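Q: Generate the whole structure from the sequences, applying the supplied hints.
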Amino acid sequence: MSQVTIDSNEVDIVIAAFHSDLTSFMEEWRPIFSRFHLIIVEDPDLKEELKIPKGFDFDVYTKSDIDKLAGSSNAAMFSGYSCRYFGYLVSKRKYIISIDDDCSPAKDNNGDLVDIVTQHITNLRTPATPFFFNTLYDPYRKGADFVRGYPFGLRSGVTCVLSCGLWLNLADYDAPTQSLKPELRNSRYVDAVLTVPKNTLMPMSGINLAFDREMVGPALLPALKLAKEGKFRWETIEDIWCGLVVKAVCDHLDLGVKTGLPYVSRNERGSAIDSLKKEWEGVKLMEELVPFFQSLKLSPEAVTAESCVTEIAAAVKKGLGRSHTELANVADSMVAWLKIWKEVRSRV
Amino acid sequence: MASSVTPTPLLKDELDIVIPTIRNLDFLEMWRPFFQPYHLIIVQDGDPSKVIKVPEGFDYELYNRNDINRILGPKSSCISFKDSACRCFGYMVSKKKYIFTIDDDCFVAKDPSGKDINALEQHIKNLLSPSTPLFFNTLYDPYREGADFVRGYPFSLREGVSTAVSHGLWLNIPDYDAPTQLVKPRERNTRFVDAVMTIPKGTLFPMCGMNLAFDRELIGPAMYFGLMGDGQPIGRYDDMWAGWCIKVICDHLGLGVKTGLPYIWHSKASNPFVNLKKEYKGIYWQEELIPFFQSANLPKDCTTVQSCYKELSKQVKAKLGKVDDYFNKLADAMVTWIEAWEELNPSAPITNGK
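Heads up: the sequence lines are chains A and B, in that order.
Last residue of the first sequence: number 371 in the working numbering, and the count goes up by one each step with no gaps.
Last residue of the second sequence: number 495 in the working numbering, and the count goes up by one each step with no gaps.
Heads up, a few of these hints could be off.
[To be verified] Covered by chain B, according to a simulated footprint, are these stretches of chain A (three or more residues, beta-carbon under 8 Å): (1) 157-163; (2) 172-178; (3) 219-232.
[Said to hold, decoys possible] Lysine-lysine pairs mimicking DSS-like chemistry, simulated, CA-CA at most 27 Å apart: (4) Lys251(B) x Lys130(A); (5) Lys117(A) x Lys77(A); (6) Lys165(A) x Lys325(B); (7) Lys418(B) x Lys460(B); (8) Lys365(A) x Lys86(A); (9) Lys254(A) x Lys300(A); (10) Lys153(B) x Lys194(B); (11) Lys256(B) x Lys409(B); (12) Lys117(A) x Lys70(A); (13) Lys458(B) x Lys216(B); (14) Lys256(B) x Lys130(A); (15) Lys320(A) x Lys251(A); (16) Lys77(A) x Lys130(A); (17) Lys165(A) x Lys458(B); (18) Lys165(A) x Lys251(B); (19) Lys216(B) x Lys422(B); (20) Lys441(B) x Lys320(A); (21) Lys165(A) x Lys194(B); (22) Lys251(A) x Lys307(A); (23) Lys256(B) x Lys216(B); (24) Lys204(A) x Lys300(A).
Just so you know, the hints here were simulated from the structure itself, not pulled from any lab data.
Just so we're clear, the structure is a prediction, and the values are computed from it rather than from any experiment.
The beta-carbon is built from N, C-alpha and C at its ideal position, and this holds for glycine as well.
A: Below is the structure:
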């Protein structure tokens with residue numbers, strides 16, 4: 024129950040379409056999405072035309088739009104799951120809500136449909152509290168508050184710029200985990216939103232998230248593509264990379280990241296074992312990425328998301344890029360992204 | 142979804158329940174199904190001539206102020222009087238590996254399905270499974286049935302670290318400070334959050350002593366609840382103080398602190414005006430204390446809890462003594478506490494949990 028009023032003019036919902044027939048997906052989300060503007064970005068590899076039911080306010084972007092805007096040299100940046108970043112790029116609104124097209128609305132513990140838009144926007148419009156942990160979780164939620172012992176000087180919090188939601192049914196496990204426990208499904212609805220503390224890293228999942236595009240848009244970027252990246256989340260790590268970058272930016276700029284509600288229900292799709300047979304690369308790479316980000320220091324001169332990302336790209340090129348070829352390209356992609364971002368902004 | 146879940150060990154010979162009280166312990170009747178197998182250590186605060194009635198069938202030892210003075214001699218000055226902070230005396234005299242401490246106005250809560258919550262069992266589960274302070278798992282405790290580490294969680298960090306502390310929560314009367322109580326006298330915590338999570342390394346939290354369990358061997362010497370109550374300028378910051386100390390030390394030694402489940406039902410709201418008087422100084426001092434603890438650095442050669450704690454007491458004296466003379470006394474009391482602990486626990490294993 025939020026006291027936050029949502030201005031639909033401030034929200035874009037970005038959906039990356041991997042299936043051409045979006046009818047059932049859209050119908051399921053109609054009660055929640057119908058009053059918002061949708062940006063649907065078609066996976067450039069999809070050959071068929073998208074089927075979208077009536078009654079929605081949307082814009083579709085396809086391979087040709089991507090090629091035109093990004094140019095042939097950069098178009099590859101927006102392939103596969105990363106096509107959604109194109110949606111972030113072209114949006115003109117303050118808030119973006121982004122979900123994968125294999126998700127349905129979840130039901131909360133009362134059996135009501137979870138309105139992810141209201142919850143994400145509420146998360147973004149109420150402060151985050153990264154400097155001190157509140158044991159009753161989000162103190163701004165109705166029925167909660169800061170607990171005894173929480174310093175008063177820290178109770179105004181900071182701006183929340185990223186809201187990471189969760190998933191019932193098929194949780195975002197990696198392929199090894201899901202293969203080992205093929206029956207494992209997430210049925211636990213944890214009724215909490217909490218701030219991820221400062222200097223704590225986390226794995227950001229691109230399946231269900233929302234962010235303040237005006238504050239951190241440049242930091243939600245497509246950069247890390249696995250050599251054999253595929254069409255299942257088990258075969259990607261682009262969002263994990265993005266999350267590490269965003270968290271580093273937020274920690275440096277004293278902005279907040281929340282995790283928890285809202286839940287989506289994630290549908291069965293693909294085979295963890297097949298994905299596992301394909302590639303371990305992402306799993307191995309995390310071992311390098313985490314220590315790198317844990318020791319990353321940005322300069323006091325970096326006061327915007329853009330300048331932070333520039334510094335991170337330079338640090339990646341200098342550090343990680345030396346030992347891993349795919350990471351050398353990451354730094355270049357980050358710089359290229361910022362260039363395109365600046366260009367698109369300048370046209371507004 | 143059925144999963145083969147190994148039953149939680151009772152640990153009845155390895156765990157003591159420490160209860161501070163000034164009144165009869167009728168509340169234990171409700172807890173009987175869960176507490177009866179365990180040994181209780183009752184720390185009687187206030188008037189030692191009062192007789193505390195303990196329900197039949199519980200195995201317990203009871204210490205009043207006279208006992209504390211007798212056992213510790215002059216070192217008893219570090220144990221608070223007329224404040225539930227005196228409970229830490231119970232930690233000191235215990236000979237068990239684990240401690241569970243609970244307030245006498247805390248009762249058995251029900252989970253959303255209506256089932257009674259065995260808080261002690263959940264604390265044991267929390268303590269016996271690892272913590273994950275180095276990277277946040279978005280599905281919370283990965284060791285719980287029905288959960289695991291999410292995609293992107295580094296495999297090298299999936300073993301976790303030993304859990305030193307399990308911090309439980311409260312339904313009904315929430316643990317608010319006096320100003321919040323005054324503004325929201327009717328607010329009740331009705332939200333059951335079905336999660337246990339590790340508090341990340343480098344992050345402090347407000348530790349509440351109402352429903353708390355810890356591994357005495359891993360962190361016991363740091364669980365000093367400070368100088369509160371009679372003759373002291375402050376109250377209701379005992380557990381907070383201990384919580385900041387243990388977190389700094391756990392972060393240094395690579396130990397974990399969990400928070401979340403279990404819930405107990407907190408029945409009594411203390412008087413907010415009385416609370417305000419007790420907390421008043423703390424509310425101001427806290428603004429200095431937090432930066433102190435946030436920047437507290439322990440040297441590499443502090444590899445035991447005791448050495449960490451002694452070092453911390455030096456830093457308290459050096460940096461907080463100027464905030465108020467109280468902190469000079471507190472720093473001295475911290476040292477007295479460690480000396481008393483070492484006297485009462487001479488063969489305590491030197492361990493850093495690694």
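Q: Against each hint, give a clear statement of whether it holds in the structure.
A: For each hint, the structure was consulted:
For the stretch 157-163 of chain A, the assignment as covered by chain B holds, since 4 residues bring a beta-carbon within under 8 Å of that chain's beta-carbons and 3 suffice. Against chain B, the stretch 172-178 of chain A contributes 6 residues with a C-beta closer than 8 Å to a partner C-beta. That satisfies the three-residue criterion, and the hint holds. Counting residues of the stretch 219-232 of chain A whose beta carbon lies closer than 8 Å to any beta carbon of chain B gives 10, which reaches the threshold of three, so the coverage claim holds. Annotation: proposed proximity of Lys251(B) to Lys130(A) holds, straight-line Cα distance about 22 Å (limit 27 Å).
Of the supplied pair hints, the one linking Lys117(A) and Lys77(A) holds, its CA atoms being roughly 26 Å apart against a limit of 27 Å. Restraint check: the Cα-Cα separation between Lys165(A) and Lys325(B) comes to about 12 Å, which is no more than 27 Å; the hinted pair holds. Proposed proximity of Lys418(B) and Lys460(B) is supported: the alpha carbons are some 25 Å apart, at most 27 Å. Between Lys365(A) and Lys86(A), the direct Cα distance comes to roughly 21 Å. Compliance with the 27 Å bound is thereby established for this hinted pair.
At most 27 Å may separate the alpha-carbon atoms for a hinted pair to count; Lys254(A) and Lys300(A) meet this at roughly 14 Å. With a CA separation close to 23 Å, the supplied pair Lys153(B) and Lys194(B) stays within the 27 Å bound. Our distance criterion of 27 Å between C-alpha atoms is met by Lys256(B) and Lys409(B), whose separation comes to about 22 Å. Using a Cα cut-off of 27 Å, the hinted pair Lys117(A) and Lys70(A) is violated, with the two alpha carbons roughly 31 Å apart.
A distance of roughly 19 Å separates the Cα atoms of Lys458(B) and Lys216(B); the hinted pair therefore holds under the 27 Å criterion. Using a Cα cut-off of 27 Å, the hinted pair Lys256(B) and Lys130(A) holds, with the two alpha carbons roughly 22 Å apart. With a CA separation close to 31 Å, the supplied pair Lys320(A) and Lys251(A) exceeds the 27 Å bound. For the hint linking Lys77(A) to Lys130(A), the alpha-carbon distance of about 25 Å falls within 27 Å, and the restraint holds.
Our distance criterion of 27 Å between C-alpha atoms is broken by Lys165(A) and Lys458(B), whose separation comes to about 41 Å. Simply put, Lys165(A) and Lys251(B) have alpha-carbon atoms about 21 Å apart, close enough for the 27 Å limit, and the pair holds. Taking the CA atoms of Lys216(B) and Lys422(B), the gap is about 26 Å. The hint holds against a cut of 27 Å. Among the hinted pairs, Lys441(B) with Lys320(A) is consistent with the structure: their alpha-carbon atoms are about 23 Å apart, no more than 27 Å.
Between Lys165(A) and Lys194(B) the alpha-carbon distance is near 40 Å, which puts this suggested pair outside the 27 Å criterion. Only pairs whose Cα atoms come within 27 Å are accepted, and Lys251(A) paired with Lys307(A) is accepted, the gap being roughly 14 Å. As the CA atoms of Lys256(B) and Lys216(B) are separated by approximately 45 Å, the hinted pair breaks the 27 Å bound. This hinted pair checks out: Lys204(A) and Lys300(A) have alpha carbons roughly 16 Å apart, not beyond 27 Å.
Checked against the numbered hints above, the structure violates hints 12, 15, 17, 21 and 23; every other hint is satisfied.
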